[in-house]
Amino acid sequence: MDETAQIGRGQSATGSGGTVARLVNATKTFGTGDAAVTALDNATIDFRRGEFTAVMGPSGSGKSTLMYCQSGLDQLSSGQAFIGDVDVSTLSDQELSIMRRSTLGFIFQSFHLVPALNARENITLPVDLDSNAEVDADFLDELATVLGIEHRLENLPSQLSGGQRQRVAVARAMVPRPDVIFADEPTGALDSKTSGELLAYLRTAVDDLGQTIVMVTHDAVAASHCDRVVYVQDGRLVDEAQHPTVDDVLNKILELS
Amino acid sequence: MIRRTLKLAWFKRNRYALTVVAIALSVAFIVSTLLLTTSIADVGEPLGRGYQGVDIVVTGPEVAAGDGPVQAISAPVPAQVVARLEASGFIAAGFADPYAQVLNADGTAGGQDQAASNIAEPWLGDSPLNAFAIESGRAPTRDEVAIDRATARSAGLDIGDSVTFVTEAGVRDAMLVGVATFGGSDNDPYTSTILLPADDRLLTGASGFRRVLVAAGDQVPTSAAIETLAPDMVVETGAAWVLAEEDALNDFLGFFSTFLTVFAVVAVVVGMVIVTNTFTVSLSQRTQELALLRLVGTTRRQLLVQVVLEAVLLGAAGTAAGILLGLGGVSALGWFLDVLGLVIERSDAISLSAISVGVAVGLGVTVIAAVRPAWKATEVAPIEALRASDAELADAGGRRRTIAGLLLAVGLGCLAWGVLQADILFTGIAIGAIFLALYLGADSLVRATARLTRRLLGAAGPTGTIASRNLEKNAGRTSAAASALMIGISLIGFFTLMAATIGQFIAGDAGDALRADLVVQGIGSRPDPTLSESVLGAIEGVPGVDVLVPLYQTSVSPADGAEINQVGPGGGGLGTAMTDVQALARVYDFTVNAGALDAIGGERIAVDQATADAFDLAVGDGLDVTSLAGPVRLEVGTIIETSLPGSPQPAIIGDLALADTLGYDGPASAAFVLGSPSATAINDAIGIPTVEVVSRDAYLDGLSSNLDTILALVYALLAVAVIVALIGIANTVSLAISERVAEIAATRAAGASSRQIFWSLLAEFSLLGVVGVVSGLVFAWVSAAAFFNTLSGGQIAQPETDITTGLLIVAAGLGGAIAASWVPARSAATTDILDVLRAD
Numbered sequence: 032m033d034e035t036a037q038i039g040r041g042q043s044a045t046g047s048g049g050t051v052a053r054l055v056n057a058t059k060t061f062g063t064g065d066a067a068v069t070a071l072d073n074a075t076i077d078f079r080r081g082e083f084t085a086v087m088g089p090s091g092s093g094k095s096t097l098m099y100c101q102s103g104l105d106q107l108s109s110g111q112a113f114i115g116d117v118d119v120s121t122l123s124d125q126e127l128s129i130m131r132r133s134t135l136g137f138i139f140q141s142f143h144l145v146p147a148l149n150a151r152e153n154i155t156l157p158v159d160l161d162s163n164a165e166v167d168a169d170f171l172d173e174l175a176t177v178l179g180i181e182h183r184l185e186n187l188p189s190q191l192s193g194g195q196r197q198r199v200a201v202a203r204a205m206v207p208r209p210d211v212i213f214a215d216e217p218t219g220a221l222d223s224k225t226s227g228e229l230l231a232y233l234r235t236a237v238d239d240l241g242q243t244i245v246m247v248t249h250d251a252v253a254a255s256h257c258d259r260v261v262y263v264q265d266g267r268l269v270d271e272a273q274h275p276t277v278d279d280v281l282n283k284i285l286e287l288s
Numbered sequence: 111m112i113r114r115t116l117k118l119a120w121f122k123r124n125r126y127a128l129t130v131v132a133i134a135l136s137v138a139f140i141v142s143t144l145l146l147t148t149s150i151a152d153v154g155e156p157l158g159r160g161y162q163g164v165d166i167v168v169t170g171p172e173v174a175a176g177d178g179p180v181q182a183i184s185a186p187v188p189a190q191v192v193a194r195l196e197a198s199g200f201i202a203a204g205f206a207d208p209y210a211q212v213l214n215a216d217g218t219a220g221g222q223d224q225a226a227s228n229i230a231e232p233w234l235g236d237s238p239l240n241a242f243a244i245e246s247g248r249a250p251t252r253d254e255v256a257i258d259r260a261t262a263r264s265a266g267l268d269i270g271d272s273v274t275f276v277t278e279a280g281v282r283d284a285m286l287v288g289v290a291t292f293g294g295s296d297n298d299p300y301t302s303t304i305l306l307p308a309d310d311r312l313l314t315g316a317s318g319f320r321r322v323l324v325a326a327g328d329q330v331p332t333s334a335a336i337e338t339l340a341p342d343m344v345v346e347t348g349a350a351w352v353l354a355e356e357d358a359l360n361d362f363l364g365f366f367s368t369f370l371t372v373f374a375v376v377a378v379v380v381g382m383v384i385v386t387n388t389f390t391v392s393l394s395q396r397t398q399e400l401a402l403l404r405l406v407g408t409t410r411r412q413l414l415v416q417v418v419l420e421a422v423l424l425g426a427a428g429t430a431a432g433i434l435l436g437l438g439g440v441s442a443l444g445w446f447l448d449v450l451g452l453v454i455e456r457s458d459a460i461s462l463s464a465i466s467v468g469v470a471v472g473l474g475v476t477v478i479a480a481v482r483p484a485w486k487a488t489e490v491a492p493i494e495a496l497r498a499s500d501a502e503l504a505d506a507g508g509r510r511r512t513i514a515g516l517l518l519a520v521g522l523g524c525l526a527w528g529v530l531q532a533d534i535l536f537t538g539i540a541i542g543a544i545f546l547a548l549y550l551g552a553d554s555l556v557r558a559t560a561r562l563t564r565r566l567l568g569a570a571g572p573t574g575t576i577a578s579r580n581l582e583k584n585a586g587r588t589s590a591a592a593s594a595l596m597i598g599i600s601l602i603g604f605f606t607l608m609a610a611t612i613g614q615f616i617a618g619d620a621g622d623a624l625r626a627d628l629v630v631q632g633i634g635s636r637p638d639p640t641l642s643e644s645v646l647g648a649i650e651g652v653p654g655v656d657v658l659v660p661l662y663q664t665s666v667s668p669a670d671g672a673e674i675n676q677v678g679p680g681g682g683g684l685g686t687a688m689t690d691v692q693a694l695a696r697v698y699d700f701t702v703n704a705g706a707l708d709a710i711g712g713e714r715i716a717v718d719q720a721t722a723d724a725f726d727l728a729v730g731d732g733l734d735v736t737s738l739a740g741p742v743r744l745e746v747g748t749i750i751e752t753s754l755p756g757s758p759q760p761a762i763i764g765d766l767a768l769a770d771t772l773g774y775d776g777p778a779s780a781a782f783v784l785g786s787p788s789a790t791a792i793n794d795a796i797g798i799p800t801v802e803v804v805s806r807d808a809y810l811d812g813l814s815s816n817l818d819t820i821l822a823l824v825y826a827l828l829a830v831a832v833i834v835a836l837i838g839i840a841n842t843v844s845l846a847i848s849e850r851v852a853e854i855a856a857t858r859a860a861g862a863s864s865r866q867i868f869w870s871l872l873a874e875f876s877l878l879g880v881v882g883v884v885s886g887l888v889f890a891w892v893s894a895a896a897f898f899n900t901l902s903g904g905q906i907a908q909p910e911t912d913i914t915t916g917l918l919i920v921a922a923g924l925g926g927a928i929a930a931s932w933v934p935a936r937s938a939a940t941t942d943i944l945d946v947l948r949a950d
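One line per chain: the protein sequences are B and S, in this order.
Heads up: the first sequence begins at 32 in our numbering, then just goes up one per residue.
Heads up: the second sequence begins at 111 in our numbering, then just goes up one per residue.
Next comes chain S alone, as it looks inside the complex:
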């Protein structure tokens, strides 16, 4: 049995080649994704090793939760807590985590980029609290530093080199005397650390520490004892704190892993559609062969086993190739993440479980996809072997059409309800139902397209008519290729619309109102490499600067714990901007809905309309919030239509005096410039590479750059799904053509030129692409519109639609479909007529 199956499968190897490629790509995608995510999951490991000597960790109470790109804000631990703990016999060290970023040899910013941290920490020597160990060189003393191995490597620094680094107080130079490891690893995950002597003034924590690490020393470390020494602070065990830190890392990475996995699953689903299609078509072509086997006494079970064995062989070949590809793919994926500038640290570990999942998926998907067509095909009566070969596939379309119609009705009903009631559950169900309806009704769509284009194709002569009729007749089998393409295109469309809409939300109206010529800001590392008073002073001194408006930003939480409902990142607290409001009014066109800008001052603030609506605020109302300085009661002085551009947009705008009230004593995060100086002139005046000067437009674009990065990743991942779908189209074309050689030969014998045959085949299969692309895009738009309508409670009536991007997607999808049909159509058109006629 196995031998005969092998022989038969080998005989049909050409027919199955593309299917094997599709399986291989799907498996490769899921394997490389899993390999990457498991290697990402190990990243938090050094924390446990580094901090194993820490018994207790003291942190300040949280003021505002973090979310996505927004960092959580906690109140500081007062500096005297450390002294108190030490006086009681504990070993304690405070960490202020001040910004400190190494410069590369060429003067550009080194260390970590994007949202990762660049900080300075005290060198704690042989204290049990020291997570670092000097790996080469020695410990730093005055005017010397040690840095972690990853930073030393990436910045190209060796022991004995002079190190330049940027701090809030300006640029500093020091001698590199040591390279350190963190918990045995190259660095503290996602952090570049400069280790300074513990008494360095940068580390003193004038306004307190972010955390205080405690080791018991001779004491019995009871939390209760420490809570007394550090009143109102959060006290937890070192193990619990490490777990929480790891969780925080995993939260971000978990999102990322889920994200990758979802797209891998999409690729697998598309692959499965193609495998089902291949088996359906190839088995229906073999009706006579199967019937013949039945005629000579093969039982149905034997036949079924044979077909499933074929699937297993196919799956095994695809899976083996896929795993090899996947092992290479993980490097490609990693490389791509680096290119995107997404800082995803990962280990080199190869997880066997990832490979086993790949094997299970590859084999499982193929076999499952083959079972139904096999079951149907083996229903064949032995008599079929004796009948003419033009047996038609039984039309299973009726029931499918009914189900598709029902799903569509249910989907539209849920859609209306979900949008009207702003109920995301119903909208979600609606989107799912409509998608299934489209998937099941794809053959009807293909038939309708064939009928719509009949006249157009017919005008090109009888080969056009043949194309149109065949498209209609074979819709049941070929529509799967259109469905596969639809899945890929609809996801691409959906994410494009989503990104554009969120981008518009972040920088839209608020961006339009911004009139600054230039914006000065840090390059985005954590903590913000922000604008110290000396930097601001330098900018002010540049000739041509008319107005300079520094913006100080923090977050507060609403005391009543009300949910903040907003689209896009943010959500942790109420973003609060503090500035010279009168100066700000010169670079930003406020639309005042209630009150007056003059009213802003001290505890009197401006809130944007969305926030006023969310908290039901009117001018004169009080707003109780928790701030770095504790509970504060603010008063609404003004309601403005839209707040400043930002990600997220600040909900509250106050004057400079508000900073004191809220306990914020940090530097400015951005400064708007009105005037004629060049960006270079300001850059030169500042002289710090971690502060950048950008045009207004570049600043607004930058606000959604996180989104753009994610979108680029989405495109790359979905491209795999689309390629698998295009392979499906190529596959469908090859199979359909192999089924039609006799017809092609007859048409050729009647005088059709190979060019006429080629264009007819190309037209027919390009129309499949049209159905896939158009239905995918329409579905994407409808679901994005429903999604945003529901989430925004009707405020966003339709997604931000960019026609150019839409056309690009159409061009890419159709171009791909045409390219996929080209080669098989070409070879069919040039087939020797005699080969077929002789086979009579």
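Chain B on its own, in the form it takes in the complex:
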């Protein structure tokens, strides 16, 4: 299958001024009339290359919607969502698919591994989906070693622990060397020790590999690993902070709720 897209592998999606992803006047409403709910309300935000950003906010604040719209999984009602210089609303389903497998990475709370594939196949899935791309075997080995799953690569997801599954998911997100990784409550299903290890690894990826990560979380400890924390309330960006401590985050959350 010969697929070409506006965004190809190896081609940086970085836009002007080091911005990897950008929402401009983004509004998202669900339902119509009296039942309409505004999940995103005219939000504008930049995500910069090599930055680890946490998106925080109370339940229902719109932080997940922000991530889904930014990554092209969902469509905005108005405004624009850019990955690099490309407005994702202009992409077809096929082009969005190609973008997901090459330019973006995803990590979910409940892992979402493919049960029929073993760990290695799950990790290489985004690359394998593109018939023109080849897995960087050295990079894969390195990832597996750093993540401590090098001996579990032939196992099916059902044979792995929760922490191991999430590390496979992280490797899957990393392996195409995406421009940005979107993580949706990645530590939500993990115990504190496992989640600490995972966050430390994500931090390393940002520091050593220059990876850009946008993480939606309501965990103050998780947010304290980030370069920048963005606070969302009622669909609007209400505040942000650089390198906050756990206490800073907790105080801000208390203030917001």
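Be aware that a few hints might be false.
[Stated by the list, open to error] If you anchor each label on the Cβ, the simulated ranges turn out as follows:
1. B:Gly-62 x S:Phe-446: 47 to 57 Å
2. S:Ala-929 x B:Gly-62: 51 to 61 Å
3. S:Thr-940 x B:Arg-234: 33 to 43 Å
4. S:Thr-409 x B:Phe-61: 34 to 44 Å
5. B:Val-252 x S:Val-481: 49 to 59 Å
6. B:Ser-162 x S:Ala-929: 47 to 57 Å
7. S:Val-481 x B:Phe-61: 39 to 49 Å
8. S:Thr-409 x B:Asp-222: 28 to 38 Å
Just so you know, these hints were derived from the structure itself, not from any lab.
Virtual Cβ for every residue (Gly too), placed ideally from N, Cα, C.
Based on the hints, put chain S in the right spot on chain B.
Showing chain S alone in chain B's frame:
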């Protein structure tokens, strides 16, 4: 409880929709079949009413029994028997049943077609023997006729019209003065009757009557008295004769009813497989829900009742729809029979018992199919509710595989024994065992297919790998869909092979040896609208006719009552063809195995090799037979490899003088023509629409046309089973996909396009179709080969295999499977990823 079940079932209505359709189709099939067969069963009824005034019936002794398309042959009752009975004070009437067929207004043949009868009968006025009553108009006198109401209606004839009809003596015209009913019905079943004045020369029975009806009049009707007046004849009471006639009708219709019922049962079995499958999959998907119910204190019995109630609801919905469909289906089935030209007379009665059977089958099948999966599903431990949702179905495959293996071993053993010993019982057991083995081992076949195609699918990328792995992993649940398809395809394959093989048997080598340019024959009504001497004379006069070989045919029975073992229709007696053998040799390449063609003459005959083997005959041996003229001793002059083409092929060929010896004085049944005239030229010379002129190839094709008709019917009936099976595949695909939304979403999130997902799902489920179609065809071929090998004692080593037809069946089966997977795969591939991710 019922309320909650209703609510749950409604919640899952989409999942159950296809299952309801499958149940509805199965029920519709069985209901319409039963409705049709019960309406067919009433057909003989008018006989009892029509002949209620008949006390005694006299017929001639049977010479050769009838079977299938072959009519029984009885010796005639001498004409003087009627006079003798009348002289003794009885009321008696002889019926010669001469051929008489009405022509439609446009000159084409009217009345009954195919194997039904077109005859003339005497109008008996107010005699108690008269089964007819004038319904409008009046009784016929000289140069006038009355006809039955069904014939009048179908030929578009009204009182006062001129009627043209064909008889053995040629075409006649008469004035239609009356329309009659038979026993209160439109016509004598399967018969078109032209009623002539009793003294008409067509009815005189120069060579005797087929039957003489007797009413006692003033006499006491003792059989003994009549037996004295009609020596050597068969004498029975009117009631007994009517019963026997009804039985004869029912024999044919009974075969037909059984035939329809068998296919209805096939559809039900396929439906049952699908219902079981639906419940297995849907319950295993609901392990957590069931466990949760157990967790909050539902007892296992309550859970079981709930699941069975669900089945009852499902069955009720399917059955209700099925009965409505079935009421319409009976008309569709009837229409289809008419299109096929199968003359099946039927009443409009709607039988309540047919509908009750439909209700019982629909509800019963669904509940029975649900019980086992329900029992297994409710074994769930409450703790399962708290566990992760990717609980696997327990692998029940081990025991199944063992049983399948054992059955296969037993089947192959029986197969070898049955074929070697020509023992049909063992071959039958073998076919049954292998079928069950395939059915139980379907999941192993699916797994093997998944493994075989792994590399091929893997080459298409990770979605291919996912398809292959899922096919292997889920084989336990999805293989039922393949099994259902296998049942339908194997039956279609088997019947196709059977028809082709029998067709080859009828017209094969013998057909190849036939060199006639044209064949003249009657159009197939009974009695044969055959070729009178004047017709033959007309053909001979056509310029370009070099050789004309009329063929006269009758049957004799072997006096020692030996069984005649042959494949295909026939079997009642030894078909005997009488002709100018030297002329015949010019249109037919005889292969003489022993003796010489010159030796044929008078009582010296040729027999084919199969008959010689069956009766252990050599040249010079005598063969004692019973004929129309009584016992005759024939002598084998020649043994030929194959006899003339025919259905059945004549076992005996003699010269024209043999006709006298055997007491046959009827017309020729067919004539071979060698020469260059056009069929139209001969047709024009004959001028009778009930005689047709066909090319050699058309004649040979026509010999197996009965078979083709039956085959067309089989295909139509099995199509229902295959459609039910395809619905099963669509159902399996939908269920499997609903189980896999999370996986599909994950793959999509990792960057798979909807096209990649679609092709992966389509590949996976098409492979299920491949397993069903291939295993069905292989099974069909093996069982057909075994069947024919056994029946023919090894003479037919393998069935007549037509690759094109095989490919057509494969294409249709696979095409159907792909079509059935298409829509669910399409909709799964385009599902919104977020719907799933949000559900976390």
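Hints, one by one, checked against the model:
1. B:Gly-62 x S:Phe-446: 47 to 57 Å: holds, 53 Å
2. S:Ala-929 x B:Gly-62: 51 to 61 Å: The hint (51 to 61 Å, Cβ to Cβ) is violated, given that Ala-929 of chain S and Gly-62 of chain B are roughly 37 Å apart.
3. S:Thr-940 x B:Arg-234: 33 to 43 Å: holds, 38 Å
4. S:Thr-409 x B:Phe-61: 34 to 44 Å: Holds: the Cβ-Cβ distance is about 42 Å, inside 34 to 44 Å.
5. B:Val-252 x S:Val-481: 49 to 59 Å: holds, 53 Å
6. B:Ser-162 x S:Ala-929: 47 to 57 Å: violated, 28 Å
7. S:Val-481 x B:Phe-61: 39 to 49 Å: holds, 44 Å
8. S:Thr-409 x B:Asp-222: 28 to 38 Å: Given a distance of about 36 Å, which is inside 28 to 38 Å, the answer is holds.
Hint compliance for this structure: hints 2, 6 are not met, and every other hint is.
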